[in-house]
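Put the two chains together into one complex; each comes in its own frame, and the hints tell you how they fit.
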Amino acid sequence: MVGVDDQVIRKRQRERARVMAVLLGAFVVLLFFITMAKTALNW
Amino acid sequence: MPSLEMTSAAHLPAEWRDFLALTKPRVMSLVVFTGLCGLLAAPALPPFVLCFTAILCIALGAGACGALNQWYEADIDALMRRTAKRPLPAGRMERPSALHFGVGLAAFSVILMGLATNWLAAALLTGSILFYVLIYTVWLKPRTAQNIVIGGAAGAFPPLIGWVAATGHVAVLPLLLFAIIFLWTPPHFWALSLFVRSDYAAAGIPMLPVVAGATSTRRQIFIYSLPMAAAAVAPWPMRLTGPIYGVSAAALSLLFLLFAARVLASTAAEPAQMQAEKKLFGYSIFYLFALFGALVADRWIAW
Chain A
1 MVGVDDQVIR KRQRERARVM AVLLGAFVVL LFFITMAKTA LNW
Chain B
1 MPSLEMTSAA HLPAEWRDFL ALTKPRVMSL VVFTGLCGLL AAPALPPFVL
51 CFTAILCIAL GAGACGALNQ WYEADIDALM RRTAKRPLPA GRMERPSALH
101 FGVGLAAFSV ILMGLATNWL AAALLTGSIL FYVLIYTVWL KPRTAQNIVI
151 GGAAGAFPPL IGWVAATGHV AVLPLLLFAI IFLWTPPHFW ALSLFVRSDY
201 AAAGIPMLPV VAGATSTRRQ IFIYSLPMAA AAVAPWPMRL TGPIYGVSAA
251 ALSLLFLLFA ARVLASTAAE PAQMQAEKKL FGYSIFYLFA LFGALVADRW
301 IAW
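Which chain is which? The protein sequence lines are A and B, in order.
3 is the number that our numbering gives to position 3 of the first sequence; each next residue is one higher, with no gaps.
2 is the number that our numbering gives to position 2 of the second sequence; each next residue is one higher, with no gaps.
Chain B extracted, bound-state conformation (with noise of 0.2 Å):
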């Protein structure tokens, strides 16, 4: 009678531990990361606790893109393994409440971000989530092959948001940063869609390896891993950041393009043995945490 057990759940008011799965933790953590990295990296910084309240209010727009994301996508996650166990497919909450809670997070964020920072910042993150629940999860998503590479613009806010809450204005530096993972998004998110491609395709969302298939996928993620090397290692030659971020910049892009290149040279048709692919996603979580982390330390122990 799984039915009844499900309508049953439903009437339950979830639990709170539903609604902190709605934010999709795992994901905030890299977004929170490269927050910090931007506020940090700012020339001068406020005081600590407006600091921690610009952050806070990043994570909670992340919070609140993931939310209302699932709220959106519950058709769709329920079709899928990877997330079919997430809380309205799995049937633990209602569906209003989630678009509630995620509006009421989106709203409260960007209130707290204009209160305690800066207007600007406030607008930023309002763009951000409005980038992401509306062009990226309702209109590309489910519409192109080419999702990922406009929507990765949401995922790019972060430091330039870090940025703008410590100094009140845009500058060369966060724009800079903002490309970075705005092109880092694809290879990225091809990497691991290359060995989920069954879960895309049985939902019906036209990601790349679904549409145009594994080898043209391979293709574009060594041809976007070009520019995107070129953007992490830009600030050094343009006098923005000293040697350390330089240096670690040029070596970790290296071995991202070999992480690529590998992937290129791959022709596995199993996920099971797609080796390459999962060792360039993996390599590519970590890539975009030691740059960040590298230019922290370029900024903080080199000034």
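Just chain A, with the same shape it has in the complex (with noise of 0.2 Å):
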């Protein structure tokens, strides 16, 4: 029983690893274009 409840949180885990690791990546490249765009408009 414990080992099928650690499988079932290591899946979890890798799952919530991964979306945040997309999430993490999205705002890198949402922050370089609003730097990019806020450089251009001299705010």
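There may be inaccurate statements among the hints.
In silico EDC-like links for lysine to aspartate or glutamate, alpha-carbon gap of 16 Å or less [stated by the list, open to error]:
| # | chain 1 | residue 1 | chain 2 | residue 2 |
| --- | --- | --- | --- | --- |
| 1 | B | K141 | B | E94 |
| 2 | B | K141 | B | D77 |
| 3 | A | K11 | B | D75 |
| 4 | A | K11 | B | E15 |
| 5 | B | K85 | B | D75 |
To be clear, the hints were calculated from the coordinates, so they are not data collected in a lab.
What follows is the structure, encoded as structure tokens:
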């Protein structure tokens, strides 16, 4: 029973880590474009 | 052994889908749409990426409100059929996780809004989140039948925030957009609460149909629809919009009043018989989408 729980925990942790990685990557890209836009506007 | 299963599930880390469910994505779609329309109705637009970020921040702020609302109301949600399957009452997530997620998302949305657009928009976003969570969810909703009347202001902020994110200042038109959603909220929610009255009664939430009865609620729906229709049409005679919006707003509002009049005339007692109420609820969602869509069309086609 503990083994099954462990598997489920690991699976969920992996999925959450993947989603977090994608979101962080998207945030970095967004920050880059925000910086470019604000630099161009001289804000 | 349902209690054992629930305990076991609560010890597992929540799935990312449950965090997404905390943000109430369906409610968010209307918030994002009205915020986008407020932004697109502004006289001048910043670069695309800043517009995108402003709408993203409005969406994240709305998501934070949803998460904090579900954190605070987990016990009430467990008592209502409509909400019992949400992550917290269903035991798929622990309560502190929802609180941390909601607070983190709120802070992130406000800081990003301030850095990307302007701090007035960030201040309005902060105000709308605090208003929804503290004034509506914590204070008004469990205490008074007028909860939705005052609490409706929280949902009225997005077009104002969108406009301010684009322009940096408040103007008359976005304040009218605020007023439209503020006055639209009571008929919209009271129509819903008429046919889910037993849910609210079971959870002890003093929604108007529970406290004042169906007849009084139907009368209030019609009364509130009148100033809502007036506010919806007002931008046209005030020369803030053109005829595309004006004619659309007049036609849509007239239809809204007809649906509200049918609710006023309805005597149905059982939810299954409340066709007029269900039609008004469905139409009220379409009404807001169509009205704000007409506003953007008017701004981009006619000007």
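(message) Name the hints, by number, that the structure is in violation of.
(response) 1 and 3
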